Structures are given as C-alpha cells and as structure tokens.
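Q: Each chain, letter by letter, is given below.
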Amino acid sequence: MGKNIIVELKHINKRFAKVLANDDVSMVIKEGEVVALLGENGAGKSTIMKILYGLYHATEGEIFINQKKVEIRSPKEAMACGIAMIQQHFSLVEAHTVTENIILGHCKGKIDFTEKEKEIQALADQYHFDVPAGELVKNLTVGAQQKVEILKALYLNAKIIIMDEPTAVLTPQEADVLMGFVRDYVAKGNSIVFITHKMKEVLEVSDRIIVLRNGKISGTIEEGEIRTVKESELVNLMIGHDLEIIKAPSMTGTDNRKNRLEVEHVSLRSKDNIPLLDNVSFSIKEGEILGFAGVSGNGQQELCEAIYGARKLHAGKVILDGEEISQLAVKERIEKGIGYLASDRYRYGMISGMTLSENILLKASYLKNWVKNGIIKWKELNNYTENIIQEYKVKAPDHEVVIGSLSGGNQQKVVVAREVDRGEKLIIFDQPTRGLDLGAINYVHKTIMREKSKGKSILLVSTELSEIFALSDRIAILYKGKIMGIFQNGELSTEQIGLLMAGYELKEA
Amino acid sequence: MKKKEILCDFLLWILFAILLGLTISFSFLPLLSVNPFQALTVMFSETFSSTYNMGNILIKTAPLILTGLAFTFTYKANLYNIGAQGQFYSGCICASAVSLALGGKLPGPIVILLAGMAAILGGAVVGFIIGFLKAKFNANEFLISMMSTYVIQYVMQLLLRTSLQESKHEYLKTDYLDKSTWLPKIIPGTSVSLGIVISLLVAVLVWYVLYKTSLGFRIRATGLNQDAARMSGISPQHQYMLAFAISGAIAGLAGLVEINGMQHMLLTGFDTQIGSYGIGIAILANAHPLAVVPASLLFGFLQVGGTALGHSTDAPASVIDLLQGFVMLFVLMSFYFRRKAELNKLKKKRIVTEEA
Amino acid sequence: MNNITSLLARAFFMSTPLILGALGEVIAERTGMMVTAVEGIFLIGAWGGFIGAYISGNLYLGFLLAMVCGLMVALLYALTTVYMNQHQIVMGTAISILVTGFCTFFYRVIFGIQTTPLKVEVLSTIQIPILSQIPFVGKILFSQNIITYLAYLLIPIILFVMNHTALGLTLRSCGENPEAVDTAGIDILKIRFAAVAVAGCLGGIAGAYYSLCNVGMYTSEIISGRGWIAFGICFLGNWNPVGALIFGTVFGVSEAIGVYVKSLGMSTMPSELFSALPYVLVIVLTVCRKDLRAPNKLGQNYVKEN
Numbered sequence: 001m002g003k004n005i006i007v008e009l010k011h012i013n014k015r016f017a018k019v020l021a022n023d024d025v026s027m028v029i030k031e032g033e034v035v036a037l038l039g040e041n042g043a044g045k046s047t048i049m050k051i052l053y054g055l056y057h058a059t060e061g062e063i064f065i066n067q068k069k070v071e072i073r074s075p076k077e078a079m080a081c082g083i084a085m086i087q088q089h090f091s092l093v094e095a096h097t098v099t100e101n102i103i104l105g106h107c108k109g110k111i112d113f114t115e116k117e118k119e120i121q122a123l124a125d126q127y128h129f130d131v132p133a134g135e136l137v138k139n140l141t142v143g144a145q146q147k148v149e150i151l152k153a154l155y156l157n158a159k160i161i162i163m164d165e166p167t168a169v170l171t172p173q174e175a176d177v178l179m180g181f182v183r184d185y186v187a188k189g190n191s192i193v194f195i196t197h198k199m200k201e202v203l204e205v206s207d208r209i210i211v212l213r214n215g216k217i218s219g220t221i222e223e224g225e226i227r228t229v230k231e232s233e234l235v236n237l238m239i240g241h242d243l244e245i246i247k248a249p250s251m252t253g254t255d256n257r258k259n260r261l262e263v264e265h266v267s268l269r270s271k272d273n274i275p276l277l278d279n280v281s282f283s284i285k286e287g288e289i290l291g292f293a294g295v296s297g298n299g300q301q302e303l304c305e306a307i308y309g310a311r312k313l314h315a316g317k318v319i320l321d322g323e324e325i326s327q328l329a330v331k332e333r334i335e336k337g338i339g340y341l342a343s344d345r346y347r348y349g350m351i352s353g354m355t356l357s358e359n360i361l362l363k364a365s366y367l368k369n370w371v372k373n374g375i376i377k378w379k380e381l382n383n384y385t386e387n388i389i390q391e392y393k394v395k396a397p398d399h400e401v402v403i404g405s406l407s408g409g410n411q412q413k414v415v416v417a418r419e420v421d422r423g424e425k426l427i428i429f430d431q432p433t434r435g436l437d438l439g440a441i442n443y444v445h446k447t448i449m450r451e452k453s454k455g456k457s458i459l460l461v462s463t464e465l466s467e468i469f470a471l472s473d474r475i476a477i478l479y480k481g482k483i484m485g486i487f488q489n490g491e492l493s494t495e496q497i498g499l500l501m502a503g504y505e506l507k508e509a
Numbered sequence: 001m002k003k004k005e006i007l008c009d010f011l012l013w014i015l016f017a018i019l020l021g022l023t024i025s026f027s028f029l030p031l032l033s034v035n036p037f038q039a040l041t042v043m044f045s046e047t048f049s050s051t052y053n054m055g056n057i058l059i060k061t062a063p064l065i066l067t068g069l070a071f072t073f074t075y076k077a078n079l080y081n082i083g084a085q086g087q088f089y090s091g092c093i094c095a096s097a098v099s100l101a102l103g104g105k106l107p108g109p110i111v112i113l114l115a116g117m118a119a120i121l122g123g124a125v126v127g128f129i130i131g132f133l134k135a136k137f138n139a140n141e142f143l144i145s146m147m148s149t150y151v152i153q154y155v156m157q158l159l160l161r162t163s164l165q166e167s168k169h170e171y172l173k174t175d176y177l178d179k180s181t182w183l184p185k186i187i188p189g190t191s192v193s194l195g196i197v198i199s200l201l202v203a204v205l206v207w208y209v210l211y212k213t214s215l216g217f218r219i220r221a222t223g224l225n226q227d228a229a230r231m232s233g234i235s236p237q238h239q240y241m242l243a244f245a246i247s248g249a250i251a252g253l254a255g256l257v258e259i260n261g262m263q264h265m266l267l268t269g270f271d272t273q274i275g276s277y278g279i280g281i282a283i284l285a286n287a288h289p290l291a292v293v294p295a296s297l298l299f300g301f302l303q304v305g306g307t308a309l310g311h312s313t314d315a316p317a318s319v320i321d322l323l324q325g326f327v328m329l330f331v332l333m334s335f336y337f338r339r340k341a342e343l344n345k346l347k348k349k350r351i352v353t354e355e356a
Numbered sequence: 001m002n003n004i005t006s007l008l009a010r011a012f013f014m015s016t017p018l019i020l021g022a023l024g025e026v027i028a029e030r031t032g033m034m035v036t037a038v039e040g041i042f043l044i045g046a047w048g049g050f051i052g053a054y055i056s057g058n059l060y061l062g063f064l065l066a067m068v069c070g071l072m073v074a075l076l077y078a079l080t081t082v083y084m085n086q087h088q089i090v091m092g093t094a095i096s097i098l099v100t101g102f103c104t105f106f107y108r109v110i111f112g113i114q115t116t117p118l119k120v121e122v123l124s125t126i127q128i129p130i131l132s133q134i135p136f137v138g139k140i141l142f143s144q145n146i147i148t149y150l151a152y153l154l155i156p157i158i159l160f161v162m163n164h165t166a167l168g169l170t171l172r173s174c175g176e177n178p179e180a181v182d183t184a185g186i187d188i189l190k191i192r193f194a195a196v197a198v199a200g201c202l203g204g205i206a207g208a209y210y211s212l213c214n215v216g217m218y219t220s221e222i223i224s225g226r227g228w229i230a231f232g233i234c235f236l237g238n239w240n241p242v243g244a245l246i247f248g249t250v251f252g253v254s255e256a257i258g259v260y261v262k263s264l265g266m267s268t269m270p271s272e273l274f275s276a277l278p279y280v281l282v283i284v285l286t287v288c289r290k291d292l293r294a295p296n297k298l299g300q301n302y303v304k305e306n
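Chains H, S and A are the protein sequences, given in the same order.
Take the first sequence: its letter number 406 is residue 406 in the UniProt record's numbering, and every next letter is one higher.
Take the second sequence: its letter number 44 is residue 44 in the UniProt record's numbering, and every next letter is one higher.
Take the third sequence: its letter number 250 is residue 250 in the UniProt record's numbering, and every next letter is one higher.
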C-alpha cells in the first residue's frame with residue numbers, strides 16, 4: 001500500500017526449446033516486503049526469477065526498476081541493480097575459502113587476503129552468522145553454506161534477495177534462523193523474494209503471495225488478505241483443484257506375516273570416516289510399507305544404497321527372507337528381487353541417451369528375462385516395453401524413443417515400471433514423487449499401493465510428510481544416520497514427528 | 001521415415017564438410033604452381049585408371065577400418081583410446097615375430113592363424129593394461145594410451161635392432177616373411193589380400209556385439225551414464241578393462257592385416273599416422289561401427305590419391321594430410337551447426353504451433 | 001664429475017620447453033580447459049619458429065612467429081571447444097592432425113624440396129655474470145639460454161597471479177565451479193578462451209625451443225610426443241606451477257639420460273629403452289601419485305542454458 005514499488009516485471013514470456021516456462025507473467029516487488037512465489041515444481045517460479053537475475057533472457061516482456069526500464073543481460077547487471085539470488089543449488093566453489101567465494105568477481109588486482117577475511121568476518125558477525133571467513137566451503141554444513149550465499153548478497157549491498165527453495169536443505173532449527181534473518185533484513189527496508197512450494201513457510205513469513213501454475217500467475221494474495229487466506233485455497237491455486245487424499249491404509253493382518261527384510265545394526269561411514277548410518281535396525285514384513293521420514297541428507301540415500309548393495313557396510317547385516325545378503329553385489333541383489341528407485345533419477349535411475357526398451361533392460365542385463373547366451377532378445381523386450389507404455393499410460397510414441405525426450409513424469413513411470421518388475425520381493429522407493437506433477441504423483445502412489453497388495457515389501461523414503469502419512473503402515477524417522485523411532489502410522493502427530501526429524505527425543509509422557 | 005531424414009541430414013552435412021575441406025586444402029595448391037582442378041583430375045583418373053590402383057584403395061582401407069573401430073569401441077564406453085597406434089605396433093610386432101619364427105616350419109594357414117592370434121593378443125594386452133590402470137587407479141586413459149604408443153615405438157626399434165633384425169644386419173627391419181604366411185590375395189590383378197575381408201567381418205562383428213549383445217549393451221550403458229550403470233549392477237571398472245582390451249585387440253589385428261597382408265615385413269617408422277586416422281575415421285562415422293567402413297574407404301582413397309598426386313604432379317602428398325585435417329575439423333564443427341539449426345527449427349515450430 | 005655437470009646442464013636445457021608447455025597447460029586447466037591440441041601447438045611452434053628465424057635471420061623473430069602460430073592454433077581449439085562446445089579430446093586430436101598436414105605442406109611451399117635439411121644457428125647461452133662462475137651449479141643453472149631463464153622467471157609470476165590476484169581467483173574458480181563464476185557476473189567463456197590462448201603462446205615458444213635451441217632445424221618428427229609429456233607434467237605437478245617445475249626437471253633429466261646413453265653409441269645397450277624413459281615415467285607416475293586433485297570440472301565444457 002504505502003510501500004514503493006522497486007521492481008516491476010511486465011508480460012514476461014520465456015520459451016525454452018521444448019517448453020514455455022513463463023507465459024505472460026507480470027508482477028511487482030515492493031520495498032521492505034517479503035513476497036512469496038508459490039507453485040509446484042515446474043510452475044516457472046525459478047525461471048521468472050532467473051530472468052530478473054539475468055541468468056535467463058526473457059523471450060518477450062519488460063523489466064522496470066525504480067520506474068526505469070532496464071535490460072538485465074547478466075547477473076552482473078542484476079547485481080548492479082541491487083538484485084541478488086540464492087539458488088537452490090548453491091553456486092559455491094567448494095575447494096575455496098568463504099572469503100574467496102564472497103569476493104569472487106568483486107575485487108580487482110592484487111588481493112590482500114587477511115584484510116578481506118577481516119572484512120568478511122565483520123560482515124558475518126554483524127548479521128550474527130556463525131561462519132568462519134577463512135574456512136574452506138566444503139568443510140561447512142549445508143546451513144552454513146547457505147549463509148555464505150547470503151553473505152555474498154550482503155557483501156554487494158543487495159537491496160533485493162531472491163531465495164530459491166531456501167529451506168529445502170535446512171533442519172527446522174536452521175530454517176528458523178533463516179526466517180529470523182529474513183525479517184531482520186526486510187525491516188531495514190530491503191526486499192526478499194521467497195520461492196517455495198511449501199505453504200506453511202509462505203504463510204509464516206511472507207507479506208504477499210504470488211501463486212504460479214504452468215508458467216502463469218494463477219492468483220495473488222495481497223497484504224491485507226494474507227491473515228485470512230486458507231491453505232486449501234492456496235493448494236487450489238497451485239494445482240488447479242483440491243488435493244486427492246489417499247486414505248492411510250489399514251493395518252489388519254500384517255502382524256502375523258513374516259519378516260521379509262531385516263536390517264540389523266547397520267553402520268556406514270564416509271571416506272573420511274564420518275558416520276553416515278549409525279546402528280540402524282528395523283524390519284519390513286511382507287506386504288508392508290515402511291516409510292522413512294526425515295530432512296533430506298540425514299542418511300536416507302545411504303540407507304537405501306546399503307540395502308541395495310551399492311555401498312559397503314561398516315558393520316551390521318542385511319537379511320532378505322532369512323538369508324544374509326550383506327556381502328552380495330548389486331547385480332546379485334537384483335537377482336534376489338530387490339528393486340530400487342533412486343531419488344536422483346537422472347544420475348542413477350536412467351540413461352537419458354538410451355531408448356525406453358534399453359532403459360527397461362538396464363537392470364536385467366545379467367538376468368535371463370531378455371538375454372539368452374549373451375544375446376539380447378530385442379523383439380520380446382520391445383513388446384514388453386510396448387506393454388509397459390500401455391499399462392502405465394506413458395506418453396511416448398513407441399519403445400524406440402530416447403527416454404530423455406519424455407517429460408519427467410513419464411520418465412518416472414518407465415523407471416517405476418522397471419523397478420516394480422525387478423523388485424519381486426522388496427522395492428525401495430527413494431523420493432518417488434519428487435519433482436513430478438500431480439497426475440504422475442497420483443499414479444506412482446497407486447502403483448505403490450498395488451505392489452503392496454501383491455505382498456511385496458516396500459521401503460519408502462520421502463521428505464514430504466503427507467506422502468509418508470498417506471502410504472505407510474509404519475513410520476521410521478531418520479536423523480543424522482540414526483533411527484529416532486519407529487511408530488505405527490497414526491500413532492504420532494505431525495508435530496511430534498517434526499520434533500523427531502529435528503533430532504529431539506520424545507519426552508516420556 | 002524420420003530416421004531416414006536424420007540420416008540424410010547427417011550425410012549432407014558430412015558431404016558439405018568434405019567438400020569444404022577439399023576446396024580449402026586444394027586452394028593452396030597454386031602456391032606450388034599446381035592447378036587444383038588438374039590435381040583433382042589426376043587424383044581421380046590415376047586412382048581409378050587401373051584395377052591395381054583401385055585395389056590399393058582397399059589395401060589402405062583394411063587396417064584403417066580396424067583402427068577406426070578400435071577408437072569407436074572405447075568411445076562407446078566414454079573412453080578415449082588415442083593410442084591405438086601403439087596397440088597396432090604391438091600387433092605388428094607379435095604378428096611378424098610369430099610369422100618369422102614359424103613361417104615355413106608349419107603350414108601357412110596355421111601360421112597365419114597363430115600370427116593373427118598373437119597380433120590380437122599383443123594389442124589386447126596393451127589395451128587391457130591401459131584399461132586396468134584406468135579402472136584401478138583412475139589414471140587418465142588418454143594420456144596413458146598416448147604415452148604407451150611412444151614406449152612401444154621404442155621397444156619396436158630395439159627389437160628391430162636386435163632379435164628381430166634382418167639376417168644382413170643392415171637396416172632396422174626384419175627379413176621378408178615366408179611366402180606361405182602371406183595373407184592370400186583375393187582379387188586377381190591387384191595386391192588386395194584377405195585383410196579387407198577380415199576388416200569388414202570385424203566391423204560387422206563390432207556392430208553386432210555393441211548393439212545385439214548384453215556385453216555391448218553394458219559397455220554402452222557405462223559410456224552414457226556410469227553412475228546409472230553402477231546402480232544397475234554393471235561394474236564400470238570391468239567395462240573399462242573389457243572395452244580397452246577389445247579395442248586393443250582390434251588395433252592389434254590391424255597389425256596382422258598390415259604385416260602379413262601388405263608389408264610382409266616389419267620396419268621402423270611405417271604407418272605412423274594410422275592411429276590418428278582411426279580417430280578421424282571414427283569422428284567421420286559418428287562412431288557407428290558400420291559407418292566406419294565408408295569413412296575408411298574415403299581415407300583409403302585419399303591416401304592412394306595423395307600418392308598419385310605426388311607421382312604425377314608437383315603437389316606433395318602432404319596436401320592430403322591437410323585435407324584430412326580440414327575435413328575432421330569441419331565435420332566436428334558441423335555437429336555444432338547441425339545442433340544449432342535443429343534447436344532453431346524446434347523453436348520456430350513452437351511459435352508456429354502456438355500461433356495456430 | 002664433468003660428465004655429470006654436462007648431463008645436468010643438458011637436463012635443465014631439455015626441461016625448459018616441457019616446463020613452458022606445462023605452465024601454459026596449468027593456466028588453461030585451472031580454468032577447466034584441457035588443451036589437448038598441445039602436440040599440434042608444439043609442432044606449429046617448432047615450424048613457425050624455424051621459418052621465422054630462417055627467413056628473418058633473427059632467432060627472436062622466430063620465437064615471435066612461433067608464439068603467434070601457437071596462439072592461432074590455440075584460438076582455433078578454443079573457438080571449437082569453448083564456444084562450439086566440441087569434445088576437448090576429440091577436437092585436440094583433430095587439430096593436431098590438421099597441424100601436422102599444415103606444417104609439412106607449407107614447409108614445402110616455402111622452401112621447396114631440399115636435399116639437405118636447412119639449418120639455423122641455435123640460440124646461444126647467456127653466462128650470467130658472477131653466478132655462472134660458481135663451480136658445478138654455475139655451469140648447470142647459470143649458463144643457459146634466455147628462454148630457460150624466462151621459463152624460470154614465469155613460475156613466480158604465475159604463482160603470484162594465481163594466488164594473490166583477483167584474476168587468479170577467477171581463473172581457479174572457473175575450473176572448480178563454472179556456475180559460481182557465471183553467477184558472479186564474470187564471462188566464464190571469455191576467461192577460458194583467454195587461458196587457452198595464453199597456453200597457446202607458451203606452447204608455441206616451447207615448440208620453437210626444439211627447432212631453434214635444440215637442433216637448429218625443422219622436421220615433422222621434431223616434437224614426437226613432447227607436447228603430450230608437457231600435458232602429463234601438468235597432471236603430475238598437481239596443476240601447480242611449482243609442480244610443473246619439479247616434474248619438468250625430472251623429465252629433462254630423463255631425456256638427457258636418454259640422449260647421453262644414445263651418444264655412447266654402445267650397440268649392446270638398449271638405448272631405446274632409455275629414450276622411452278620419459279614416456280614410461282608419465283605412465284608410472286600418473287598411476288603412483290595418489291594425492292592428485294584435478295580441477296573439479298576439468299575437461300567439461302560449460303554450456304549455458306538458454
């Protein structure tokens with residue numbers, strides 16, 4: 001209302017080779033406010049801000065700063081306008097010190113590193129950031145690395161800081177500290193753009209909300225309305241309709257089933273001997289889904305890989321159907337009937353440059369399904385793949401297309417189909433719906449429930465609590481490589497699980 | 001239909017790159033007061049003037065196919081065997097040593113078979129060592145393969161000065177191989193030996209292995225995404241060693257084709273560029289094993305044409321090296337322009353469909 | 001004693017071009033660019049150096065032309081890899097082949113067919129006053145040619161720029177995290193392009209060292225893998241100018257031993273194996289050194305989305 005508009009984006013269109021990422025987006029950023037950009041993955045939130053930051057160039061549209069039309073062709077020009085952006089993937093040079101990272105590109109000639117270090121340390125202290133200026137970035141925690149990113153912006157006297165999903169990598173406590181900074185910073189008359197898909201933090205911190213869907217603005221919540229807006233309204237704006245609630249499954253009958261997977265006292269260490277998993281024990285019965293909740297990076301991926309055989313155990317045992325498999329290689333565990341949907345699909349789950357058929361074959365190259373005497377039975381494999389395309393409603397012309405050309409959701413369907421097929425006994429789903437649109441999420445959820453009903457055991461890792469609640473029979477909470485507890489679904493409230501995720505023990509009642 | 005279009009498009013770009021390379025390199029010929037058009041005519045007319053000369057193209061082509069395939073094979077595993085030259089020499093040494101030792105003592109075909117196995121083994125061992133160092137120590141495979149070439153060259157010189165040297169002890173070369181160990185000639189009126197047939201068979205075999213067998217599939221999968229391969233139970237390290245050993249074996253076999261099929265003796269400093277030509281051929285063929293054959297034919301033709309130029313005009317054969325260099329450069333550049341054109345097309349298509 | 005002195009003097013003499021080439025490679029590789037055309041750059045340096053010196057009669061003009069030639073090849077390489085995004089190893093090989101043809105062809109164009117190879121007087125040594133009088137060391141270190149001194153002078157300069165200037169910080173960051181450099185508003189492609197260009201200049205001079213300081217003539221086999229050895233030295237030296245100096249010297253020694261053994265002319269000695277020593281060393285040392293840490297994004301082209 002009374003606040004000055006400092007940035008105005010008018011009718012921005014952004015077209016990539018394959019997709020239209022922003023479609024006629026217009027918005028403003030005012031002085032001294034936190035404006036949230038809310039939307040699902042792929043809604044175009046990051047794109048519009050990367051345009052403002054000069055990383056992308058708008059196909060059409062105009063940008064005004066302080067009522068003056070500007071062309072922002074590079075981050076350098078954006079920074080000259082007082083705009084800084086903290087990206088989801090930090091752009092830090094890990095092998096360099098904090099100081100080196102901060103002054104990169106903003107110093108000239110000879111550098112007096114001791115002098116600069118003092119300057120940076122003073123800046124950090126001023127904002128009560130506990131960041132040692134002379135330390136190598138790779139030795140810092142994720143939370144501290146984020147502070148380095150923020151310091152980069154502060155060092156340049158940025159008036160507007162754009163933060164892309166800043167809390168995704170933080171523990172709840174670290175997130176609180178961040179929110180504290182956000183409030184401090186805008187109180188000084190600066191502005192923050194907060195890109196997120198989490199409604200809770202949006203309502204907590206922002207003055208205004210802009211919701212994006214499919215590259216378009218689907219709604220704006222003005223300052224006056226923010227206290228009264230309901231979460232469900234936001235959801236509706238984000239995805240176009242209400243969330244379909246999948247009912248928590250009933251627990252009957254699982255108790256007298258036998259254990260399929262038993263994990264006993266498993267410990268795992270990194271190369272530099274940092275514990276990644278610490279004495280982890282649990283079991284999963286036939287036809288049971290065990291959900292693992294936790295902030296990402298607390299050992300989930302390591303746990304999955306340990307069970308799958310991709311990492312050597314430091315101690316402990318993995319037992320499948322009564323048989324110890326701790327010493328078996330990945331290919332032997334695949335043979336035993338373990339499927340693993342890795343969270344990073346592009347890196348671990350598929351080969352973008354190969355066809356759908358080849359990706360289906362990927363984990364069966366040593367098996368007899370489509371290989372006879374070392375020769376691939378292409379006809380059968382292709383027919384099989386065609387069936388998958390039909391059955392899973394994959395939007396693909398045929399089995400011969402390269403999987404990289406499909407959309408993320410359709411890629412995931414193919415990969416899920418393969419893992420479901422390989423995992424005759426146990427399927428490990430690590431963040432199976434990350435980055436998918438709602439339709440695909442629903443499909444994956446249904447598939448998981450279907451496989452469970454076939455009697456398969458399922459280990460589900462997710463950072464979305466709602467997903468854990470919707471699908472799991474039991475819920476385990478991982479924190480820093482330790483299991484904080486395993487509970488029946490429904491036994492604990494969201495708040496209690498949140499505490500466990502942050503590393504607090506539950507007080508005995 | 002769509003595949004055909006892509007292929008046509010690809011061929012068109014390649015053809016364009018070749019013509020451009022030809023134009024530029026030949027446009028330097030007037031500096032030596034040679035008329036480029038005349039040179040071109042001479043090149044073609046001389047080469048195709050007799051069956052003998054045309055046969056020479058096939059003779060040159062045969063080992064080129066193999067070194068081209070050698071580079072292609074490791075390329076599929078995302079490895080760079082730029083030292084196929086060394087594996088080739090290793091094959092040459094083994095083939096000639098076996099042929100010299102057993103020639104005349106055992107029936108010819110058996111000696112050839114043994115020499116072939118020795119050549120394959122000689123190349124494979126060198127290749128395997130490189131692959132092993134890559135797999136176990138994560139050593140830089142292209143640096144090591146390059147270095148190994150020079151080491152083997154010196155070893156070859158040493159052998160040619162000592163145990164393998166001709167009876168007269170005059171030059172750094174071996175005696176002539178016993179005639180019974182020569183690869184049989186297959187086209188009357190030419191010197192074309194069985195070598196070309198072997199090479200063609202290997203090309204088909206490599207294609208079959210890469211695209212029809214699980215072994216080839218695993219190598220390709222590792223090349224495209226080694227993390228995903230590892231997560232699929234495929235050990236990238238094993239694939240590295242395997243791919244390099246096979247690649248070395250193919251290059252080694254080229255040694256047999258060259259020694260028993262053409263040179264009939266081993267001497268220093270021959271075919272010094274055959275390894276790098278192999279890389280050029282693989283580039284030209286876009287690393288497709290079957291496309292390596294026509295690409296090698298082109299290089300073979302250029303070699304023969306170059307010799308003809310040297311004989312009949314004042315143009316040096318080195319103009320052919322220049323030509324080959326330019327062709328490679330332009331082919332690589334064409335990949336960039338083709339991609340750019342593709343992207344532009346895609347963008348335009350979007351706009352059109354959206355406006356419609 | 002005298003033998004050892006001359007052997008070591010020879011070793012430092014032979015190590016100079018390797019150090020120069022490796023220094024150029026260090027600069028480029030710290031930005032993430034492997035200059036795999038290094039063999040071609042050396043060759044054209046040797047070629048250009050000889051031609052310049054022969055025609056002008058001035059060795060320094062020869063070196064200047066060598067530098068320009070090396071620069072040209074490096075620019076071609078940088079254009080195709082940095083801006084046209086072609087694979088660094090493949091491109092380097094292709095360019096090296098092109099250069100081989102180019103040098104042979106134009107040598108012929110310029111000089112015609114020669115029955116005896118053309119020669120130039122090799123670059124003379126400069127005795128540094130007083131220092132060269134020191135026994136043993138003086139003969140080894142302080143009676144070298146100017147290029148050798150230049151190479152040693154370059155090391156502290158590069159070290160300083162690398163570690164104590166803004167430019168050095170940018171260079172180092174380019175090879176570690178190009179995105180970070182990009183978001184800091186620096187044109188990373190320009191930096192990489194320039195770094196390769198510098199490597200080209202140094203490589204050109206290094207190549208000319210063989211034709212103008214070592215043998216005084218040009219043949220197409222004059223480089224025979226020395227470019228690749230310089231490339232290997234950059235690896236072994238852990239992408240560090242001091243490391244380049246150390247390993248450059250090691251290879252100088254091994255090369256000098258090879259030359260020495262060959263000069264003995266004993267037919268019973270497997271002198272070829274001594275000649276192969278530098279190449280064997282590269283293989284053995286790359287395998288043995290466990291502490292090597294390459295720039296994070298070495299060899300990976302940076303492609304901007306958009």
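One should not assume that every hint holds.
[What the hints assert, rightly or not] The calculated BS3-like cross-link candidates involving lysine-lysine, where the alpha carbons are at most 25 Å apart (straight line), are: (1) H/K271 to S/K348; (2) H/K377 to S/K212; (3) H/K76 to H/K110; (4) H/K446 to H/K285; (5) H/K331 to H/K138; (6) H/K312 to H/K110; (7) S/K136 to H/K395; (8) A/K262 to H/K138; (9) H/K271 to A/K297; (10) A/K190 to H/K108; (11) S/K212 to H/K368; (12) A/K262 to S/K173; (13) A/K190 to A/K262; (14) H/K331 to S/K212; (15) H/K69 to H/K30; (16) A/K262 to S/K340; (17) A/K190 to H/K312; (18) H/K216 to S/K340.
Treat the hints as calculated values from the structure; they're not laboratory data.
Computed from a prediction, not measured in an experiment: that's the story for all the values here.
Q: None of the hints should be skipped; say for each whether it holds.
A: Results for each hint:
1. H/K271 to S/K348: violated (50 Å)
2. H/K377 to S/K212: The given pair, whose Cα atoms are some 8 Å apart, holds under the 25 Å limit.
3. H/K76 to H/K110: Holds, at about 21 Å.
4. H/K446 to H/K285: holds (20 Å)
5. H/K331 to H/K138: violated (33 Å)
6. H/K312 to H/K110: violated (47 Å)
7. S/K136 to H/K395: violated (42 Å)
8. A/K262 to H/K138: violated (51 Å)
9. H/K271 to A/K297: Status holds; Cα separation ~21 Å.
10. A/K190 to H/K108: holds (17 Å)
11. S/K212 to H/K368: holds (15 Å)
12. A/K262 to S/K173: holds (19 Å)
13. A/K190 to A/K262: Roughly 46 Å separates the two Cα atoms, so the pair is violated.
14. H/K331 to S/K212: Holds, at about 21 Å.
15. H/K69 to H/K30: Measuring from Cα to Cα gives roughly 16 Å; hence the hint holds.
16. A/K262 to S/K340: violated (54 Å)
17. A/K190 to H/K312: Given that 25 Å is the threshold and the Cα spacing comes to 44 Å, the pair is violated.
18. H/K216 to S/K340: violated (29 Å)
Hint compliance for this structure: hints 1, 5, 6, 7, 8, 13, 16, 17, 18 are broken, all remaining hints hold.
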